[in-house]
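A.B. asks: Generate coordinates for the entire structure from the input sequences, incorporating the hints supplied.
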Amino acid sequence: MARAAPNSDVTVEQMKARVSSASVGDRPHLCVQIAQKQLAETDKLYAAGDLEKGQAALLDVVTYCELARDYAIQSRKYQKQSEIAVRTMTRRISELMHSLGQNDQAPLKDAVDRLQRVRDDLLKAMFPKGAK
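Numbering-wise, the sequence shown is residues 1 to 132 according to our numbering.
Hints listed in this document are in silico derivations from the structure and should not be mistaken for laboratory results.
Hints are not guaranteed to be accurate.
What the hints assert, rightly or not - Derived pair list, reagent style DSS-like, types lysine-lysine, alpha-carbon separation capped at 30 Å:
#  : residue 1 : residue 2
1  : K77       : K16
2  : K77       : K37
3  : K124      : K109
4  : K77       : K109
5  : K37       : K80
6  : K44       : K80
7  : K124      : K53
8  : K16       : K53
9  : K44       : K129
10 : K53       : K129
11 : K16       : K37
12 : K80       : K124
13 : K44       : K109
14 : K124      : K44
15 : K80       : K109
16 : K37       : K124
17 : K129      : K16
18 : K109      : K129
19 : K16       : K124
20 : K44       : K16
21 : K124      : K77
22 : K53       : K37
23 : K37       : K109
Being a predicted model, the structure only gives us computed values, none of them experimental.
C.D. replies: Quick look at the structure:
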């Protein structure tokens with residue numbers, strides 16, 4: 001099965017529409033792709049000084065990372081890749097946060113905290129305590 005690469009001719013809205021019709025095993029990957037595209041958009045919007053639209057795109061990043069976590073745990077597929085992608089996105093958001101003034105950092109700090117919980121949940125699912 002050929003997996004669609006995150007190419008620029010597929011819009012985020014088209015990808016969002018595909019999530020509900022995708023199989024449970026394919027949903028984590030699709031949600032991560034959406035989050036990655038939205039993070040790139042967030043970066044552009046914050047760089048352009050459009051904080052309001054940037055926060056909306058950032059909310060999409062967090063929402064789709066949380067969906068990726070839920071679908072990955074449910075299907076037991078793409079857990080490791082999801083965790084790695086979320087870790088990378090967390091790092092990028094932290095870098096973006098440090099480039100902003102103190103007053104503009106709150107939404108980014110909240111996003112980093114929520115993404116850290118996503119990572120923790122994925123790691124707990126992959127490495128349960130007491131399992132041998």
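A.B. asks: Does each hint hold? Answer for all of them.
C.D. replies: Each hint tested on the structure:
no.	hint	result
1	K77 / K16	holds, 19 Å
2	K77 / K37	holds, 21 Å
3	K124 / K109	holds, 23 Å
4	K77 / K109	holds, 29 Å
5	K37 / K80	holds, 19 Å
6	K44 / K80	holds, 28 Å
7	K124 / K53	violated, 33 Å
8	K16 / K53	holds, 18 Å
9	K44 / K129	violated, 40 Å
10	K53 / K129	violated, 41 Å
11	K16 / K37	holds, 11 Å
12	K80 / K124	holds, 11 Å
13	K44 / K109	holds, 18 Å
14	K124 / K44	violated, 33 Å
15	K80 / K109	holds, 24 Å
16	K37 / K124	holds, 26 Å
17	K129 / K16	violated, 34 Å
18	K109 / K129	holds, 29 Å
19	K16 / K124	holds, 27 Å
20	K44 / K16	holds, 20 Å
21	K124 / K77	holds, 14 Å
22	K53 / K37	holds, 14 Å
23	K37 / K109	holds, 20 Å
Checked against the numbered hints given earlier, the structure breaks hints 7, 9, 10, 14 and 17 and satisfies all the rest.
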